[in-house]
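Spelled out from the first residue to the last, the chains are:
There are 2 protein chains.
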Amino acid sequence: MQIGEASRLTGVSAKMIRHYEAIGLIPSADRRDSNYRDYGHHDIHRLGFIRRARDLGFSIDQIRDLLRLWGDTHRSSADVKALTQTHIAELDAKIRLMGEMRATLANLSAACDGDHRPDCPIIEGLAGMPHRH
Amino acid sequence: MQIGEASRLTGVSAKMIRHYEAIGLIPSADRRDSNYRDYGHHDIHRLGFIRRARDLGFSIDQIRDLLRLWGDTHRSSADVKALTQTHIAELDAKIRLMGEMRATLANLSAACDGDHRPDCPIIEGLAGMPHRH
DNA sequence: CTGCACCTTCCCATCATGGTAAGGTCAAGT
DNA sequence: ACTTGACCTTACCATGATGGGAAGGTGCAG
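Read top to bottom, the protein sequences are chains A and B.
Number 97 in our numbering belongs to position 97 of the first sequence; there are no gaps in the numbering.
Number 79 in our numbering belongs to position 79 of the second sequence; there are no gaps in the numbering.
Any given hint might turn out to be false.
One copy or two, it doesn't matter: identical chains are merged, so the pair holds either way.
What the hints assert, rightly or not - Pairs of lysine to any residue residues, derived as SDA-like cross-links and limited to a Cα-Cα distance of at most 25 Å, are as follows: (1) Lys15 <-> Gly128; (2) Lys94 <-> Glu21; (3) Lys15 <-> Ala103; (4) Lys15 <-> Asp55; (5) Lys15 <-> Asp119; (6) Lys94 <-> Asp55; (7) Lys15 <-> Ala127.
Worth flagging that the hints you see were computed from the coordinates, not collected in a lab.
Take these sequences, add in the hints, and give me the full structure.
Listed below in structure tokens is the structure:
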């Protein structure tokens, strides 16, 4: 099948399929006489795997590792679990950071009347809040 | 003062100070005879404002708006509050998305023995989890 | 006068993705 | 046979926020 159908089936844009080929995440696709790329269900399966890993927030490099582990019948499940735990820890760190930002903003916002007058604790906070490095 | 000291005082890298000038977030700095940029405490104040807004996750475009509101004595605090609420909503959306990823990953991970054997629900999930959407 | 810290501009890289331009391929309709 | 339109190809540029590095100028202290 052509790249467009592969894209429709997997939810990965044609643009990204070509990109994944360029960076070696997937092997070079077969070509028809027309020079069009040609995909089979093995390729679809691999792209689906990548798509789901992306949806779960894995980076390209992590997906590269996951694909290697997927194809390695002698891997231990501990390897996969370790990679996943690392990613969970990364997510936790980001979630925590954004939660702190949110809390600070909510505090400032709650102190702001939000009316027609110019006085605003949010702007004042930004203008003079002490550093915490 | 030179850009290095401005950087030290504000926690904004010299690289980024030049960048903010290039994109018009701050006015072009005065120059000494040496062509070195020269900063005063007004500039330091503005850079500190930017730094704190960045730390709270505001985008450059949002900071541009905040700086305009900061300088506008006739603004209403409602304008500032609205911008802040928009940003809080964006943060909430990201936090929720990452929380969903985290929960899915935690479920897969909990089902994985994490031992020497190759069987792994995480890999199996990625290889065949049905699409949702 | 030399060394060193600092500054300047310019270009390139990241990460994942999209846009666009210029052109080739193919099947269906006239 | 010819046109139309959908599809494909490569190649280049853009995003946002930041860093790296090269090549060269400035200024001060030893």
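Evaluation of the provided hints:
| no. | hint | result |
| --- | --- | --- |
| 1 | Lys15 <-> Gly128 | between (46 Å within a copy, 23 Å between copies) |
| 2 | Lys94 <-> Glu21 | neither (29 Å within a copy, 29 Å between copies) |
| 3 | Lys15 <-> Ala103 | neither (38 Å within a copy, 30 Å between copies) |
| 4 | Lys15 <-> Asp55 | within (17 Å within a copy, 34 Å between copies) |
| 5 | Lys15 <-> Asp119 | neither (49 Å within a copy, 33 Å between copies) |
| 6 | Lys94 <-> Asp55 | both (16 Å within a copy, 13 Å between copies) |
| 7 | Lys15 <-> Ala127 | between (43 Å within a copy, 22 Å between copies) |
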